[in-house]
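Residue numbers (our numbering), protein chains in the order written: chain V, 1 to 355; chain A, 1 to 355; chain C, 1 to 355; chain E, 1 to 355.
Keep in mind that the hints were calculated from the coordinates and are not lab data. There could be a bad hint or two in this list.
Note that identical chains are pooled: a pair holds if it fits in a single copy or bridges any two copies.
Claimed, not checked - No more than 16 angstroms apart at the CA atoms, straight line, and that leaves these computed lysine to aspartate or glutamate pairs for EDC-like:
| id | residue 1 | residue 2 |
| --- | --- | --- |
| 1 | 123 | 141 |
| 2 | 123 | 201 |
| 3 | 352 | 36 |
| 4 | 123 | 54 |
| 5 | 352 | 7 |
| 6 | 312 | 36 |
| 7 | 217 | 89 |
| 8 | 220 | 62 |
| 9 | 123 | 97 |
| 10 | 218 | 62 |
| 11 | 217 | 334 |
| 12 | 123 | 81 |
| 13 | 90 | 204 |
| 14 | 123 | 89 |
| 15 | 312 | 7 |
| 16 | 312 | 97 |
| 17 | 90 | 120 |
| 18 | 312 | 201 |
This one's a predicted model, so the numbers in the text were calculated from it and none came from an experiment.
Protein chains: 4
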Amino acid sequence: MGNRKDDKRIAVLASGGDSPGMNAALRAVVRAALWEHYQVFGIQNGYEGLLHNEIRELTSRDMGLIINQGGTMLGTARSAEFQTREGLEKAARILHEHRIDALCVVGGDGSFRGLMELSEFYKGQVVGIPGTIDNDIPGTEYTIGFDTAVQTAVEAIDKLRDTALSHGRLFFVEVMGRNSGQIALSVALASGAEDVIIPEERTDVEEFAQRLEAGRKKGKRFGIVVVAEGAPLPREVERARVLRAEAPDPNVKAAIAPEESPAFAWAEVMRPRIGMNIRVSVLGHIQRGGRPTSFDRVWGSRTGDAAIRFIKQGLTGVFTAMRGGHITPAYLFEATRGVRAVEPEMVQLVRKMGS
Amino acid sequence: MGNRKDDKRIAVLASGGDSPGMNAALRAVVRAALWEHYQVFGIQNGYEGLLHNEIRELTSRDMGLIINQGGTMLGTARSAEFQTREGLEKAARILHEHRIDALCVVGGDGSFRGLMELSEFYKGQVVGIPGTIDNDIPGTEYTIGFDTAVQTAVEAIDKLRDTALSHGRLFFVEVMGRNSGQIALSVALASGAEDVIIPEERTDVEEFAQRLEAGRKKGKRFGIVVVAEGAPLPREVERARVLRAEAPDPNVKAAIAPEESPAFAWAEVMRPRIGMNIRVSVLGHIQRGGRPTSFDRVWGSRTGDAAIRFIKQGLTGVFTAMRGGHITPAYLFEATRGVRAVEPEMVQLVRKMGS
Amino acid sequence: MGNRKDDKRIAVLASGGDSPGMNAALRAVVRAALWEHYQVFGIQNGYEGLLHNEIRELTSRDMGLIINQGGTMLGTARSAEFQTREGLEKAARILHEHRIDALCVVGGDGSFRGLMELSEFYKGQVVGIPGTIDNDIPGTEYTIGFDTAVQTAVEAIDKLRDTALSHGRLFFVEVMGRNSGQIALSVALASGAEDVIIPEERTDVEEFAQRLEAGRKKGKRFGIVVVAEGAPLPREVERARVLRAEAPDPNVKAAIAPEESPAFAWAEVMRPRIGMNIRVSVLGHIQRGGRPTSFDRVWGSRTGDAAIRFIKQGLTGVFTAMRGGHITPAYLFEATRGVRAVEPEMVQLVRKMGS
Amino acid sequence: MGNRKDDKRIAVLASGGDSPGMNAALRAVVRAALWEHYQVFGIQNGYEGLLHNEIRELTSRDMGLIINQGGTMLGTARSAEFQTREGLEKAARILHEHRIDALCVVGGDGSFRGLMELSEFYKGQVVGIPGTIDNDIPGTEYTIGFDTAVQTAVEAIDKLRDTALSHGRLFFVEVMGRNSGQIALSVALASGAEDVIIPEERTDVEEFAQRLEAGRKKGKRFGIVVVAEGAPLPREVERARVLRAEAPDPNVKAAIAPEESPAFAWAEVMRPRIGMNIRVSVLGHIQRGGRPTSFDRVWGSRTGDAAIRFIKQGLTGVFTAMRGGHITPAYLFEATRGVRAVEPEMVQLVRKMGS
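Chain V with its partners taken away, still in its complex shape (with noise of 0.2 angstroms):
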């Protein structure tokens, strides 16, 4: 790193799933850079990319038009490669090549992982700004795209909503979050759901049978019941899955079996049981795109921000957290240890609301 502490250079890259609000971040990451004199760097397709040299300097204006645009202008891959000790080492040797100061890495805890690995070779500094839908890392309350995630699912429902409304119907929807219901929770909160099903809680089928159908009696023709993509299944449809297990085309498992869709399961278990028209609807990858909400524009700019602010200030081996709604660096290492808890109260006040 010859470079004068006045004049660094900086490399940017997104990692891992995209999520709406990477572009208003990566801009950030570029203008406040600029702004301090320092130069910019754009690494192409992630780690993957840095692996195979895909970097450029970028201006202001490659910034121009992007605030708007849902997806990262960078695009972003996952890498086989990276993960091995040679991959690393390959990275950190390419960072050092083009004399790089620093690297920030826009992603979620899978690439802050991949980010600590890459700095036991890497001299420069390392900082993360948290990026990912499902907001779910530890040792942050916010991480950018969960806003437009919700915000997306949350109108899709609205849509649902007029057509349940006018048959008669029960949908259940499914949302993403694979590991967390934070997503799922918010939506059901927002969309006025009847009741929320998420990794975190085991379901019973007769109670929640019997909570639907009590409903029913009350008088509801219709309702909403939200189902995170990663919410356990009723236990009598894993029979189903061992089946499924056994099928002889690898293709098919590729796709979505509804055996496998939480939704399509416990809507296939209701059905005997409530007296009630039941559809199922997955709502799918729309909610990783899409125009980002101004919420998420303004925390991607804002961390974008702080991340040059930290360089800046020496700092390394640190993300952007969202702390009592501030921006503070906290340890990399703590964004990688679990899942983010959902807080028990939002789960009751779901069906408090729904009731």
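Go by the hints and put chains A, C and E onto chain V.
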């Protein structure tokens, strides 16, 4: 029908699947009728509600604040009883008891068939207003709800495109249209899709793979293929379907199984054939709901008004058709003869634009 | 034009005010032209850019990711020079120098007039594609951008209605349409407005006050009146306008002064006449931008494609008109004869529905 | 209050300007109260309705289908009578007559002031829920409606940007915020604006012109300046204002005159100073309405629920504040001490990002 000519009693109901803009049509029927000093009665829950005498007088105020709501404020339902001779006779008797001079029905071809059968027993005027998102009714260029359904699907694909672009993916997106490719064609054209698979065309697996592969070789790193819900499955998938038919649990069939979803099936057979990262998204019921677009509100208002004009003119057995962009009365039986054909130039245009 | 018939060179530009869906038309012109193995050239910033030789070849990839963008990717501008004989001659000379066989222009009636004048000096084919949010061009039932502009205004009024309802207010909402009430009429119908004021009609102050007062007496606590930008002012306001004309500061005139805004003027004269809480909202330029609706994207694509078909067929001096819902060639001069008339039944329908 | 502790009677009203998400708060108050087996009463049209005894019991069903509606289902109004001692005494008497144990008020600082004054006469508990789009109440980091208002403005600017870009224009966009720049700052940051003018800062005309001119020289062909409704006028415009004050017609004052609109005024003084094409857009009342964002629905639900929790805990004279991202009770008088300050770093960040 003892009412004087200038003192008609009109009843209105919605039937079949709901579609956005139906409320604008109901509002227009009611307000145009009141403008003529008619009395208007709303029948809840379609023909089923008629058989249960769910009928009440409507005022102008009842129609407030509904023009921008999806679904139908009168509800809708399917009725098995109405499809019997006894049911039709009963329905006619109830209308006669209420001294209804004319019945307006907002719905699709099935609802119009029911209306024609009813008119063998019911002595009043019958007028249909085409409302279905599918826009596949012969004899009219437009049916209420199509524009909103297409818009909803296109907005969803705008979001998918963000993430497809960031990750370099090919998305197979399934849209509604059980018997018709109308929705799929407009969605494909408006979303800038690479290709489209519709019920009206037999798509060859190898030819299709070659088209996609050609795009990829020209440098396309991502893309969208729009698949109509009713598109034919690739031939080799029928094996899986047969396996499915032997599955023991009858509830499973009710769900959309991947082998029966053309989007999943086409994704599955393309995966080994082309060098792209493939994902599937089934948009589902969100296409039926949501705030109607201005187009559907305007067209709903105009056709509801026209229905009353036709009634005033003494017409019966007709529906409010769009021909050459204008409203004209057409015979109900025209609407019940199969499915309106797609224009082959539109299919060609999708591919020309996506190339 | 020394090019072979099957080796045409096409140029395309956008002119006048931008409108959403123009990008879909540009994309379609380019891709349909390439499909025919033509070469295509884009002219930046309208006729002004043509005079400055801002012309470059376009590829299929240049048209990627623009179908869902508002505005026009080629830019647009007004040109004083082009309105002179010298300007026209220079423009023709530049087109000849680039060996352009055909020029496509997306724009309104003013742009078409320019194109007709240009064709007195330019020897190639000229084809117009109607694009203006106003939808007021004679000879075609539709112009690209109208549907999006109406949709934007209707969504804004959906929001205003919430607050109008909560506070018991009457809103005068001004929408675009300098010479025509087409936007105002569709917006009024789709938003469920109580009344509409358009350039095509002389609205009497006292009669209008009576209509509003009648609604209030029937119990209406809130409401919406849609006013076209070009609607006539109430007579008594002209006094204020005269005062205005004597104001000393020339910059003030450039702004929309309340006395020149018909919505403000009508609100002002109604305030002492009716017992309602009145507010004004001028929607302004948001109506020109935003993501095009699916309708504008489809129609933009179809007309762009048709323009190339007309060129291939050897047509010139024509534009892509919608007649009876279909695309047909019409002579440019048809489009330049005044303003397309509104249908009196539509005005009547607004009031019938709002009553 | 002769009711038993476990048998409370709660009343709820909305007061002041409406804001999106108020319905979520009302719904939560009602459902959380019913969950505790309390009785709940809704007061129509704010304190004015209370004085007119517009009070009725609410059920869980009354709260159906409102969570996604803008405005407030109870209506809201200003009351002159309530600001007198007689009014306050009368209001307290009516609450006592209905044996109301606790009154919840959703509103802004003015409404909280009224609630404090009322509590000098009324013996029950009083709890406030902050709801105003301005987010300028001291003592809480958030007020219901702010996120939706910002989102609405940002979506409008996304549209303006399209046309600004196509035509090469600089837009002065006026957003709400009579006393505070909170909305303007978030909107400017999220929309990627070039600059912002807020009430908290004295903006110098020449400095401002230089900043804009610097951007233009770096190649910016278009841009956005966000102006808060309550921003100071440029000094030289005060001359015009004085002229205005002498205008004879009292109705004119009620309208927003250009000389009183800071966006028009700033555009006017910039026009002769910088070489850009300038336009003005006043977003106006659309920012108050519309479907609440998921954030406002969640926060509305949580604060409504918290209000009942505070009541159950026996608290009074408090409101549901956000501090460090969490809900906590704060004294009403805290909320009535001026306007919450903006963070200077946010102003700086807007300019850093827009540079």
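Contradicted hints - numbers only: 1, 2, 4, 5, 7, 11, 12, 13, 16 and 18
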